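Whatever position you read off the first sequence (first residue = 1), add 632 for the working numbering.
Certain hints may be false.
[Said to hold, decoys possible] 27 angstroms max Cα-Cα, derived DSSO-like pairs, lysine-lysine:
| hint | residue 1 | residue 2 |
| --- | --- | --- |
| 1 | LYS1271 | LYS672 |
| 2 | LYS1409 | LYS1322 |
| 3 | LYS838 | LYS1261 |
Honestly, the hints are just simulated from the structure, not real lab data.
The model shown is predicted, which means the values in this text are computed figures rather than measured ones.
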Amino acid sequence: MGNIEKKDISMHYDFKEIEKNWQDFWAKNETFKAKNNSDKPKYYVLDMFPYPSGAGLHVGHPLGYIASDIYARYKRHKGFNVLHPQGYDSFGLPAEQYAIQTGQHPAVTTAANIKTYRRQLDQLGFSFDWSREVRTSSPEYYKWTQWIFIQIFNSWYNKDTDKAEDVETLIAKFSADGNANVNAVCDDDIESFSAADWKAFSDVKKQEILLQYRLTYLADTEVNWCPALGTVLANDEIVNGVSERGGHTVIRKKMTQWSMRISAYAQRLLDGLNTVDWPQPLKDSQTNWIGRSQGASAVFNVKDHDEKIDVFTTRPDTIFGVSFMTLAPEHELVSKITTEVQKAEVEAYIEATAKRSERDRMADVKTISGAFTGAYAEHPFTKEPIPIWIGDYVLAGYGTGAVMSVPCGDQRDYDFAKHFNIPIPNIFEGVDISEEAHADKDKTVIANSDFLNGLPYKKAMKLAIYELEKLGQGEGKINYRLRDAVFSRQRYWGEPFPVYYVDGMPQMIEKEFLPIALPEVEKYLPTETGEPPLGNAEVWAWDTVTNTVVNNSEINNSTVFPLELNTMPGWAGSSQYFNRYMDPHNENEIFSKEAIDYWQDVDLYIGGSEHATGHLLYSRFWQKFMFDKGLVPKDEFAKKLINQGMITGTSAFVYKVRFEITQADEFYDRDEVEKFHAELISNNPIFISKNLVDKLLASDNPENFEFLTRKVEGKLNELEDLARKKFPKVEVLRVELDLGKNFLMPLHVKVNYVNASDELDIHSLKTDDEFGEDFEKAIFIGEKGEIIDGKNDVYKVGREVEKMSKSKYNVVNPDAICEEYGADSLRLYEMFLGPLEQSKPWNTAGITGAHGFLKKLWRLYHSGAEGAFAVSEDEPSKDSYKTLHKTIKKVEEDIENFSFNTSVSTFMIAVNELGAQKCSSRKVLEPLAILVSPYAPHIAEELWKQLGHEGSISTVDFPKFEEKYLVESSKEYPVSFNGKMRFKLELPLDLSKDEIEAAVMAHEKTAQQLQGRTPKKVIVVPGKIINIVG
RNA sequence: GCUCGAGUGGUGGAAUUGGUAGACACGUUGGACUUAAAAUCCAAUGGACAUUAGUCCGUACGGGUUCAAGUCCCGUCUCGAGUACCA
633 MGNIEKKDIS MHYDFKEIEK NWQDFWAKNE TFKAKNNSDK PKYYVLDMFP YPSGAGLHVG
693 HPLGYIASDI YARYKRHKGF NVLHPQGYDS FGLPAEQYAI QTGQHPAVTT AANIKTYRRQ
753 LDQLGFSFDW SREVRTSSPE YYKWTQWIFI QIFNSWYNKD TDKAEDVETL IAKFSADGNA
813 NVNAVCDDDI ESFSAADWKA FSDVKKQEIL LQYRLTYLAD TEVNWCPALG TVLANDEIVN
873 GVSERGGHTV IRKKMTQWSM RISAYAQRLL DGLNTVDWPQ PLKDSQTNWI GRSQGASAVF
933 NVKDHDEKID VFTTRPDTIF GVSFMTLAPE HELVSKITTE VQKAEVEAYI EATAKRSERD
993 RMADVKTISG AFTGAYAEHP FTKEPIPIWI GDYVLAGYGT GAVMSVPCGD QRDYDFAKHF
1053 NIPIPNIFEG VDISEEAHAD KDKTVIANSD FLNGLPYKKA MKLAIYELEK LGQGEGKINY
1113 RLRDAVFSRQ RYWGEPFPVY YVDGMPQMIE KEFLPIALPE VEKYLPTETG EPPLGNAEVW
1173 AWDTVTNTVV NNSEINNSTV FPLELNTMPG WAGSSQYFNR YMDPHNENEI FSKEAIDYWQ
1233 DVDLYIGGSE HATGHLLYSR FWQKFMFDKG LVPKDEFAKK LINQGMITGT SAFVYKVRFE
1293 ITQADEFYDR DEVEKFHAEL ISNNPIFISK NLVDKLLASD NPENFEFLTR KVEGKLNELE
1353 DLARKKFPKV EVLRVELDLG KNFLMPLHVK VNYVNASDEL DIHSLKTDDE FGEDFEKAIF
1413 IGEKGEIIDG KNDVYKVGRE VEKMSKSKYN VVNPDAICEE YGADSLRLYE MFLGPLEQSK
1473 PWNTAGITGA HGFLKKLWRL YHSGAEGAFA VSEDEPSKDS YKTLHKTIKK VEEDIENFSF
1533 NTSVSTFMIA VNELGAQKCS SRKVLEPLAI LVSPYAPHIA EELWKQLGHE GSISTVDFPK
1593 FEEKYLVESS KEYPVSFNGK MRFKLELPLD LSKDEIEAAV MAHEKTAQQL QGRTPKKVIV
1653 VPGKIINIVG
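Build the full structure now, drawing on both the sequences and the hints.
So, in structure tokens, the structure goes:
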């Protein structure tokens, strides 16, 4: 052998060599390391934090990363100091579930997964500043998550200043005036106390009271408990009444949990949406989630009791239509007011509703159920008695958990009243309510309502509130659907709380002793006594003398105390990571003032829309909190946000024909015969090609089936022989095609065995490691109807767009694409597929277009002998200049508009044109390389180097567009007759309207079109179009 | 049910203010090169009729505005996403 010819890199487009070289170069030179100070303006481009899953990336995942990378690279060319970091949201359920099953420590699996992720990200050529990488599961990082938790704990929300303040200011108020004049967001059931009371309270009592005000607090809450996962879930982690992860049942349960008082920020979270450039659907879903509604609270006294029922209503104008009250079954008054007679019924009802899971409750919304308490409330105006019911259509968690039921104006109240035969008084003028409630507000006039008679909705509403306030039995009120967020998880693989307990009261650990590291445990399941997994830790107690974590055996509750056993939820680590990236290795502060003052906020944030009501809401909440504390300069962390669409898969199907065996089975054991048949059929499948499928489905012409039967006769006979050998005593034994209704069975096959023409590689399928055996004896009938044997025919698969998933065998791994076509091709193709925000199907076949483009691009710079690098110093032709500047203009506009798909087309057009022009001028090819560089950075760097430049292309100035190269002297006008384009006419652009009209009318084709008619009108839009009407 | 978003060739998609519908790419068909294949290059490619010149239809469907509508207005249908007893 000896001399294997070493190919000159300049000779052909060797993407493997090029991509590897430049990835090494970038890493070695830290090309994309961002400085925290610069004369350049800053720009912060961020991708949503990835969870490093075990499965690695498929081609759908990098879509957003490619877009953000293009934008980041573009901004560098435009003279910005760009921050483009990446890291891992590495706490999470999958690693823990794996740990439970295998005993493998989640840290080990997580580290391995991160390694795979990193390799996959690196091979795509992203311009991340890896020196800033963070991992939420590393103690250096979660130290600051714990620190933020402490800050939140030490804060309360002052409604007077409308911001979070230190609890010290609250304590000062308590000491001075008690709590009567404190205007705070806090628990509802707070007793009032004077300054003297406060001073007299025990220490524990004071702590208890403060907990009711803190922005994160410990309280008995109705939580969403998921028994299968063994943990509570936040509202956004439940989809359709089951857990988002795994789809497990969720039930309501009362538990002591940490909660975040996000409800304090409801209005500001709503208002902030108007200040950010985020997609409207995302804003809409946050708006819905926060669920602001304006109305009034009204107080109804309970007859023969001291109790009051506080309700929230959006329709105080309908207060005279109240004919009953409904309380949620969980409402605290229920047990107090229920009469002896009704007790049994009410208790039975409460028990029945408590048992139902969230999903059950949601599933039968239509079933009306409830019970009468026997008690009556008093109408604030008429003083009439109103029966009090309970019903599970009233939610304990919304408003006050009680409603004033106005059946004539609310469909749910109406249905409930109908079902239980409760009167339905009509308080609307001229409205028929015999069939359904009248929920319309506009054009509604109130009647039968005392002082509200004759008033329209808006006026009645104001007056009703005024009168309620006068009575001291209500006031105008705004209510939010947004609940406080449960912040405890009964899990191992999450941030430990920096909390220990003294007399049952939570105490924060001082900042200088953080982080409190996750302890080692024997097993990752809850303890036998039902405590969270940290209950298994042996070294999990806090020594207040040494300020260290010590063995549980040392707990004495005087100096050594038990630590918190819950961990923080998944969103804890991702709620401030974007700020930590600004100064990720700072050991003394979460980030320095200089860093945050320089970077300010995220300029562009790209990620999936699935985070709308989770991460993106919690992050905004924490940001606003940090803003209140003066820690960050902006109260919204991301100016612009884009949701990239999903890439779906294009599944491939083969079609199995069913066939049957008819026989007499009286000589043999039935089960045995059936088993044999089943095996015979599954071992000898017959597949028919796509067009035969279409033919058979299109008509019930029996000839098509006969044709098919003839084709497979040989095989059927062979099977019959096998069957006869096995069961010789059977005389009638026939194998034939099943021509019944479902004669076809589509089966997924791996998409990588299908080529661009949808032809199946049968040989590879049959030798597949996983499924080869299933197809070994299979017969494939091809497009022409031939049994495939070598190259006599081809088998075409059917295709269908489905979600990319392992079970559908349509997952495409970027590693394989990079291997065959290179990262630059993959990047271009992903962008070329369609608009970023839209979801679109992946089909590997199309990548040849992007790859072909790169080869053509390469050839432009390699027009020398045998493809050697060659550019000329000659002045480019006018056409080449025009092509270049047209491209600069379009690409710049496209990137600014995030329309990456159209700029790829633009590049293709440019290269096609320059190729046709035989352009090899440096003056065109140099700027072209820069234009392409954000999209296909490796090839651009290589070309830049060959053009004779030192160093990276990445910060070279973006080419400047010059209008003068596009100025034209003439235009090819489309000439339309009655709006239909008939021919084209080249005319100078400096002609006046009249001159254009004259030129067109003089044209022979015009006469031909008009055929002697006189046009009624001639429309001329100079530079655009000519339309002749007549 | 409610709230958004979208319907354009065989496929992904383009069309900037209402102004040449289908750019660009895949696929398909034919051709060149080759012993052959791959690669590459050239040509055609919305449909129907005519196969020279042309004509008609065509952006989910039905109306409307306009010299001109994929684009604007009204109504209908279909699909997708989010949300779901929120008083």
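Here is what the structure says about each hint:
Taking the CA atoms of LYS1271 and LYS672, the gap is near 19 angstroms; set against the 27 angstroms cutoff, the hint holds. Simply put, LYS1409 and LYS1322 have alpha-carbon atoms about 20 angstroms apart, close enough for the 27 angstroms limit, and the pair holds. Annotation: proposed proximity of LYS838 to LYS1261 holds, straight-line Cα distance about 24 angstroms (limit 27 angstroms).
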